[in-house]
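This is what each chain is made of:
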Amino acid sequence: MKLPLSWLREFVQIDAPAREIADRLSAAGLVVENIEQVEPAFQGVVVAHVIEAGRHPNADRLSLCQVDAGSKGHFSVVCGAPNVHSGMKAALALVGARLAGADKGQHGDGVPRLENVPPLEAAVIRGVRSEGMLCSERELMLSTEHAGILELPADAPVGTDLADFLMLPDTVLDVEITPNRGDCLSIIGLAREVAAIFGLELNIPRPRRVRGKAASEALPRFSVEIAAPDLCPRYAALAMTRVKIGPSPILIRRRLELCGMRALNNVVDATNYVMIEMGQPLHAFDLEKISGGAIIVRRADGDREFTTLDNVRRELQSNDLLITDQQKPLAIAGVMGGLNSEVSDSTTTILLESAYFEPDTIARTSRRLQLHSEASYRFARGIDRAGQATALARVAELIASSAKARTAGELVDIEARPAPAREITFDLSVVETLTGASLAPAETRRRLNAIGARTRPAGRGMLTVVPPPWRGDLNEPADLAEEVVRLGGLDDIPSGLPPRTSTRAVANPARVFFKNTREIMLGAGLDEVRTLAFTAPADNQRFSGIAQGVEPVKVENPLSMELSELRLSLLPGLTAALRFNLNRQAAAFHAFEIGKVFMTRDGGAAESLVLSAISYGPYLIAEIGHKGIDGGFFSLKGILQSWADAMNIGSRLAFRTASPSEVPFLHPARAAEVVLDDERVGYIGELHPGEAMRLELNAPCAVTELDLAKFISYGFAPRETIELPPRFPAIRRDAALVLERDLPADSVIKAVREVAPPVLESVEVFDVYEGQGIAPGRKSVALACRYRAKDRTLTDEEVNRLHSAVVEHTLKRLGAELRQ
Amino acid sequence: MKDQLEEIRRRALAELGDDAEAEVVENVRVRVLGRSGELTEIMRGMRDVAPAERPIIGKLVNDIKREVEARIEALQEHLRARQLERSLASARLDVTLPGVRIPRGHVHPVTRIMEEMLDILCGMGFEVEYTQDVEDDFHNFAALNFPPNHPARDMQDTFFLPGGMLLRTHTSNGQIRVLERRRPPLAVVCPGGCYRRDDLSVRAAPAFNQIEGFMIDRRGRITMSHLKGVLTEFAKEFFGETRVRFRGSFFPFTEPSAELDIYCLLCSGAGCAVCKYSGWTEVLGCGMIHPNVLRAVKLDPNEYQGFAFGMGVERTALMKLGIDDLRLFYENDVRFLGQFPSVAGGSR
Ligand SMILES: [Zn+2]
Numbered sequence: 002m003k004l005p006l007s008w009l010r011e012f013v014q015i016d017a018p019a020r021e022i023a024d025r026l027s028a029a030g031l032v033v034e035n036i037e038q039v040e041p042a043f044q045g046v047v048v049a050h051v052i053e054a055g056r057h058p059n060a061d062r063l064s065l066c067q068v069d070a071g072s073k074g075h076f077s078v079v080c081g082a083p084n085v086h087s088g089m090k091a092a093l094a095l096v097g098a099r100l101a102g103a104d105k106g107q108h109g110d111g112v113p114r115l116e117n118v119p120p121l122e123a124a125v126i127r128g129v130r131s132e133g134m135l136c137s138e139r140e141l142m143l144s145t146e147h148a149g150i151l152e153l154p155a156d157a158p159v160g161t162d163l164a165d166f167l168m169l170p171d172t173v174l175d176v177e178i179t180p181n182r183g184d185c186l187s188i189i190g191l192a193r194e195v196a197a198i199f200g201l202e203l204n205i206p207r208p209r210r211v212r213g214k215a216a217s218e219a220l221p222r223f224s225v226e227i228a229a230p231d232l233c234p235r236y237a238a239l240a241m242t243r244v245k246i247g248p249s250p251i252l253i254r255r256r257l258e259l260c261g262m263r264a265l266n267n268v269v270d271a272t273n274y275v276m277i278e279m280g281q282p283l284h285a286f287d288l289e290k291i292s293g294g295a296i297i298v299r300r301a302d303g304d305r306e307f308t309t310l311d312n313v314r315r316e317l318q319s320n321d322l323l324i325t326d327q328q329k330p331l332a333i334a335g336v337m338g339g340l341n342s343e344v345s346d347s348t349t350t351i352l353l354e355s356a357y358f359e360p361d362t363i364a365r366t367s368r369r370l371q372l373h374s375e376a377s378y379r380f381a382r383g384i385d386r387a388g389q390a391t392a393l394a395r396v397a398e399l400i401a402s403s404a405k406a407r408t409a410g411e412l413v414d415i416e417a418r419p420a421p422a423r424e425i426t427f428d429l430s431v432v433e434t435l436t437g438a439s440l441a442p443a444e445t446r447r448r449l450n451a452i453g454a455r456t457r458p459a460g461r462g463m464l465t466v467v468p469p470p471w472r473g474d475l476n477e478p479a480d481l482a483e484e485v486v487r488l489g490g491l492d493d494i495p496s497g498l499p500p501r502t503s504t505r506a507v508a509n510p511a512r513v514f515f516k517n518t519r520e521i522m523l524g525a526g527l528d529e530v531r532t533l534a535f536t537a538p539a540d541n542q543r544f545s546g547i548a549q550g551v552e553p554v555k556v557e558n559p560l561s562m563e564l565s566e567l568r569l570s571l572l573p574g575l576t577a578a579l580r581f582n583l584n585r586q587a588a589a590f591h592a593f594e595i596g597k598v599f600m601t602r603d604g605g606a607a608e609s610l611v612l613s614a615i616s617y618g619p620y621l622i623a624e625i626g627h628k629g630i631d632g633g634f635f636s637l638k639g640i641l642q643s644w645a646d647a648m649n650i651g652s653r654l655a656f657r658t659a660s661p662s663e664v665p666f667l668h669p670a671r672a673a674e675v676v677l678d679d680e681r682v683g684y685i686g687e688l689h690p691g692e693a694m695r696l697e698l699n700a701p702c703a704v705t706e707l708d709l710a711k712f713i714s715y716g717f718a719p720r721e722t723i724e725l726p727p728r729f730p731a732i733r734r735d736a737a738l739v740l741e742r743d744l745p746a747d748s749v750i751k752a753v754r755e756v757a758p759p760v761l762e763s764v765e766v767f768d769v770y771e772g773q774g775i776a777p778g779r780k781s782v783a784l785a786c787r788y789r790a791k792d793r794t795l796t797d798e799e800v801n802r803l804h805s806a807v808v809e810h811t812l813k814r815l816g817a818e819l820r821q
Numbered sequence: 215m216k217d218q219l220e221e222i223r224r225r226a227l228a229e230l231g232d233d234a235e236a237e238v239v240e241n242v243r244v245r246v247l248g249r250s251g252e253l254t255e256i257m258r259g260m261r262d263v264a265p266a267e268r269p270i271i272g273k274l275v276n277d278i279k280r281e282v283e284a285r286i287e288a289l290q291e292h293l294r295a296r297q298l299e300r301s302l303a304s305a306r307l308d309v310t311l312p313g314v315r316i317p318r319g320h321v322h323p324v325t326r327i328m329e330e331m332l333d334i335l336c337g338m339g340f341e342v343e344y345t346q347d348v349e350d351d352f353h354n355f356a357a358l359n360f361p362p363n364h365p366a367r368d369m370q371d372t373f374f375l376p377g378g379m380l381l382r383t384h385t386s387n388g389q390i391r392v393l394e395r396r397r398p399p400l401a402v403v404c405p406g407g408c409y410r411r412d413d414l415s416v417r418a419a420p421a422f423n424q425i426e427g428f429m430i431d432r433r434g435r436i437t438m439s440h441l442k443g444v445l446t447e448f449a450k451e452f453f454g455e456t457r458v459r460f461r462g463s464f465f466p467f468t469e470p471s472a473e474l475d476i477y478c479l480l481c482s483g484a485g486c487a488v489c490k491y492s493g494w495t496e497v498l499g500c501g502m503i504h505p506n507v508l509r510a511v512k513l514d515p516n517e518y519q520g521f522a523f524g525m526g527v528e529r530t531a532l533m534k535l536g537i538d539d540l541r542l543f544y545e546n547d548v549r550f551l552g553q554f555p556s557v558a559g560g561s562r
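Note that the protein sequences, when read in sequence, are chains R and E.
Note that our numbering has the first sequence beginning at 2, numbered continuously upward.
Note that our numbering has the second sequence beginning at 215, numbered continuously upward.
Keep in mind the hints are simulated off the structure, nothing from the lab.
It is possible that part of the hints are untrue.
Lysine to any residue pairs mimicking SDA-like chemistry, simulated, CA-CA at most 25 Å apart [claimed, not checked]:
id : chain 1 : residue 1 : chain 2 : residue 2
1  : R       : 3         : E       : 486
2  : R       : 516       : E       : 308
3  : R       : 628       : E       : 308
4  : R       : 597       : E       : 392
5  : E       : 490       : R       : 37
6  : R       : 711       : E       : 395
7  : E       : 450       : R       : 492
8  : E       : 490       : R       : 146
9  : E       : 279       : E       : 249
10 : R       : 516       : E       : 324
11 : R       : 711       : E       : 343
12 : R       : 597       : E       : 407
13 : R       : 597       : E       : 352
14 : R       : 555       : E       : 308
15 : R       : 791       : R       : 773
16 : E       : 490       : R       : 638
17 : R       : 516       : R       : 500
18 : R       : 516       : E       : 491
19 : R       : 555       : E       : 486
20 : R       : 597       : E       : 395
21 : E       : 490       : R       : 18
22 : E       : 534       : R       : 37
23 : E       : 490       : R       : 451
24 : E       : 490       : R       : 172
25 : R       : 245       : R       : 146
26 : R       : 638       : E       : 343
27 : R       : 3         : E       : 395
28 : R       : 3         : R       : 451
29 : R       : 597       : E       : 324
30 : R       : 516       : E       : 489
31 : R       : 597       : E       : 351
32 : E       : 490       : R       : 542
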C-alpha cells in the first residue's frame, strides 16, 4: 500500500520526519518497505490565467495567448495546443524554467536530471515573441498526456508555484500490509494507525449528505434486492444523472498515480480514489444498461460464464456471488465488473455500488479465477463492516464536482443481515499475564480507544470492549492485548528468561544418530550434500529406490516438468551433483546425503528417511611412494561396514548378491542388497554401465542407499556386556581352498562356521586368486582362522587337529580342494 | 701368573682405546672373555696355583674381567651411537613432500548452521523433535488458525499432492504434531524441510529448512517477555554481539505476533543497500501461541499459554556466512563445500 504523506496529512497533523513515521509504523507491525521521495520534474512553472487566446498572426495552427501569472507578471505566449481557450487556468513555464519532460522522446526513456536540462528561453515563433510556454502533462511529467495543455481547476490560485499547488514534492511510503489488516489498505486506516502510535488527533471530514431531491426532472428508477444475505449482508447504491465523462482533476489523477493506479475517467477515478482513501471498494454501472434498473445480489447458480471488463470470458461456479439485473449478470461481486454495464464515454446516468461482501466468498472466487483486483484484495481481507453509506456519500461528492453530475434520488442502503454485536470482556491483567508488560490501566484503555474501539468499565480491572467495525480481526482478549503492546512497538515488554524448571530436555536419539552418522561419513572422506526433493519422472523411472513396486508421488501443481515428482531415491540428486562437479574439473566425487524420499501409499503420499552415498574417482589420493585407492564397490562397502561397526551392529549387517531386477540401475554383476537381521534395508553396487555412459563416466561409480528407519531405532547401542581383553595368545592357521568361481566368499565363511569349535575366534577371507595355477572357472580363496581359548594357551597339536577338521568339512561342503 | 694377568689387562686396555673399531672390540672380547679366552684359560690353570694364592688370583681375574667388560660395554655404547648417527643421516627424508592424507569430507553449510542453532537451543532447554514433510491441510493450515480461503494462505504458495495431501510450507506443523502426542510443560524445537512454490533463484528455493520452536506451560508462566529473553540470548550466541529489536507483526498462529531484527551484519546498523538503509535485518518470526492453535490440540487457552518462533535456516546461513546466492546451497560444488569444516557439529 502506497502512502503519500501529503494525503496522510489531510487526516492527521503529523510533522515527524518520514523516517520516523516509517520506523514506528514498522515497529507496530506495518512494515515500511521503502520511502520514496517524489520530486517535481520541473521548476519555474506557475498557475496562470489565460486571459485571451487569440490567433497567431502568421500561423493558423498556433494561438497567441495573453497570460496572467499574478505576481509573476503578464506574458504573451505562443501555444500550439488545440485545447487552449480564453478563461482557462493553465500551467505556465516562465522564462528560465526547467522541464525534465520537455524533450522527452529525444532522449529515449531516461529522465534527465533537472539541473542538466537547459533553462527555457524566450523564443520568436513565426515572427512573434513567446515569453514562456503553456505546458502539457507530459512536459511536466505528470502523465503521458500530450494532446493538449494541462487545464487546471478554475479555483487554482494564479501565480502559485505549480509544484506547491500539486503538493509536490511528496514522500511516498510503501507499507506492507499483513493479511489481517484489511483496514490499513486505505489512507484513513493508516492515518488512524499513525494517530494512535503518535498520540495525535485523527480528523476525518464527513462527506456532504446526499440530497435526494434533485431538479424536477424525472428520476431514474432502480431497485436493490439481496438474494444471498449470507454472502452480502449489506448493499448501498446511489444513482447520479447528467454525468459528463471526462478526465479527472489533476490532483486526483496525480494521487492515483502515486498509489500505483492508472487514471481512466472522472467516474472510475473517483471510485478508485475513495477506495484508496477509505478502503471501501466501489463500482459504477452505466444505469441505462441495467435492465429494469434492478440490482439483484445472488449466487451464480445457473449462470455459467461472464465477460469481465478486461474482456476475458470467465467461467462461473454456482456459489460465486454475482451482481445481476433481471436478465443478466452485471459483475462478479467484489472481484470485477462486466463489459456489459461498464461506464463509457457516452454514459450519462450511473449507479454507484458500495457493498460489504463476505471475505471468504470473494477470496475463493478471485483465487479460483486467478483474478486479483484492488477490490477483491480488500474484500478478501475484510473492509469496514459499516462504512458503505459514508463511502457512497464521499464518492458522490467527488463525482458531483468532477463530472458536474447530480445525485438522483435517495441513497439506498439495504442491510439484509445486521452485523453481529461484538463485545469482548477484557481483563486488563491479560496484557501482563500474556506479555509481561505492565501498563497503567488508563494507558491500556487509551490505546484501545485510539484504534477505534469503544470501551467501558465492567467492574474491577475489567473493560467491555467493542471493537470498531473495520477490525474484523479483533475477537478475543489476546487480540486486544496484541493491539495494546503493538502500538508501543513491543518496547513495553521487558526481556526475561523463563523459569528453568518448566521443562526437562532429553537428547533426541534420532539427532544423535544423524550426528554420529554424519561424523563417520565425513571421517570416511565423504562430503555431505543436500539436493532437491523434486525430480523428473524420467529420474524416478531410472532410480526407483530401495522399495520395489512403489509409485512415485506426482506434485499436482509442479514448478516444471523437470520437478514434477517427488524423488523415490536420492540418486538423481547425487548423480546430478557428480556430473556438476565433473563438469567443473573435479577428478573425484565422494559424497553422502541424509534425506527424505517419497512414495505413493493408499492413494496419498508417504515419506521415509534414507542415507545415500556415491563414490567416484580417486579415493585415497596417490602420493609419492604410495599407491592410491580408487572409489568403488569395496571402498564404499567398507565405509558402510565401518559405520555399522561403530553402531555396534556390524555383525548383523550382511551383503547378498542382488538380483538385477531389484536394482536395474546397478551393474548386474556388481550389486548387492544390504540386509539387516535378514531384512532387506538397501542396496550397494556400481552404477550400470548404461547409466555410467549416460553420465559420461569413465571409471566405476559406486552408490548405496539405505532405509534409515531400522537403523535409527537401533541407534548407537552400547554393548550389553564388556569383555576383558583375552589373557591367552591366539594361534592362526591359514588355508587356501580352490573352489568354483561363482561361489561367494561368504559361503566359505558360512561353511566354516557350521563346524566351528568354540575356540575358533574368527575366520576371514584374506585373499582371492584366479589365474595361473588354478583351473579355469575356479578360484583360490585364502582363509585365516584364529583360535583362542579363554582359559589356557592352546597347544599346536590341538589347533592343528581342530583346523584340519574345519578345513576338511569345508572342502567337502563346497566341493573344493586344497590349493597345492 | 700375576704378571701374566697384568699383561692381559694392559694389552686389552691398550687395544680398547677410545677410537677402537667394533671389530677390534669384538676381537678383544673373544680373546679375553670368550669361552676359551685368556681369562678362562687362567681359571682352568688354578689348580696349579698354591691354595693360599688362589683367592688372590681369583679376585684379580674377576677384577680384570669386570674392568674389561665395563670398558667393552662403554665402547660398544659409543659405537652404537656412532652407528645410529651414520644410519640416521642416510635415512634423511624430504619433509616438504606431501603426507599420506586420510580423506575427510566436509559438512554441508546448511547442516552446520542448523546444528549450531539446535545446539544453542538445546543448551537453553529445548529438545529436538522431527516431524513429517508430507502433511494434510489440518496440520499445516487449519489447526494453525489459517481458515480456508484466508488470504494468509496466499503468503505461502503450497505444493499439493494427491489424496488431499500437501508438502508442509513451514515447520509449524511440528507444534500440532507434537502437541497431539505430548502435553505441556514442553520446550521443543522442530527442524526440517519445508516447501513453497518458488523457482530456485538467488533469493528463493522450492525447498528449504526451518526450525520451529515453542515453549508451553501453565498460563502466566511463559510470557512474551520470556520469548524476548530467549530469542535475544539466542541471537547473541548465534550472531555474536549484536543489537536486537522486536517489531509487531502478523502470523495466523500467534497473537501477539512479532518479528526479530538484528543489526544488519553488513553495515552494523549504519544503513546500506542490503538492509534498505534501515540498518536492520529480519531474522525470524515469533509470538505467543494463538488461542485457536491451543484449542486445535485440545488445550484450554485459559489454562495454558506459550510462545513459538520459526526461522529459515538457509536464509540465516546466507546472512551469517556473508554470501548472497542461495543456489550455492543446492549445487553441491565441492569447491564451495570444501570450505566448510570437516566436523558435523557447530562451533561448540
Ligand atoms: Zn545494512
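Query - Given hint residue 343/E paired with residue 711/R - CA-CA distance at most 25 Å - result: holds (18 Å)
Query raised in the report: Straight-line Cα separation of residue 555/R and residue 308/E no greater than 25 Å?
Result: With Cα atoms ~60 Å apart, residue 555/R and residue 308/E exceed 25 Å; violated.
**Report entry** residue 597/R paired with residue 392/E [C-alpha distance capped at 25 Å]
**Finding:** Given pair residue 597/R, residue 392/E holds - Cα atoms ~20 Å apart, limit 25 Å.
Report task. Would you mind confirming whether the straight-line C-alpha gap from residue 490/E to residue 638/R stays at or under 25 Å? Result -> violated (52 Å)
Query - Straight-line alpha-carbon gap residue 628/R to residue 308/E, limit 25 Å - result: holds (18 Å)
Query raised in the report: Under the criterion that the straight-line Cα-Cα distance not exceed 25 Å, is the pair residue 597/R, residue 324/E satisfied?
Result: Between residue 597/R and residue 324/E the Cα gap is close to 16 Å, so the pair holds against 25 Å.
Query raised in the report: Does residue 407/E lie within 25 Å of residue 597/R when you go C-alpha to C-alpha?
Result: Holds, because 9 Å separates the two Cα atoms, which is no more than 25 Å.
Query raised in the report: Going straight from one Cα to the other, do residue 516/R and residue 324/E come out at no more than 25 Å?
Result: Status holds; Cα separation ~14 Å.
Report task. For the pair we were handed, residue 490/E and residue 146/R, check the Cα-Cα distance against 25 Å. Result -> violated (33 Å)
Query raised in the report: Can the restraint linking residue 490/E and residue 37/R be considered satisfied, given a maximum Cα separation of 25 Å?
Result: At roughly 12 Å apart (the allowed maximum being 25 Å), residue 37/R and residue 490/E satisfy the hint.
Query - Satisfaction of hint between residue 343/E and residue 638/R, Cα-Cα up to 25 Å - result: Status violated; Cα separation ~31 Å.
Query raised in the report: Are residue 597/R and residue 351/E close enough, with their CA atoms no more than 25 Å apart?
Result: holds (20 Å)
When each numbered hint is compared with the structure, violations occur for hints 2, 8, 14, 15, 16, 17, 18, 19, 22, 23, 26, 27, 30 and 32.
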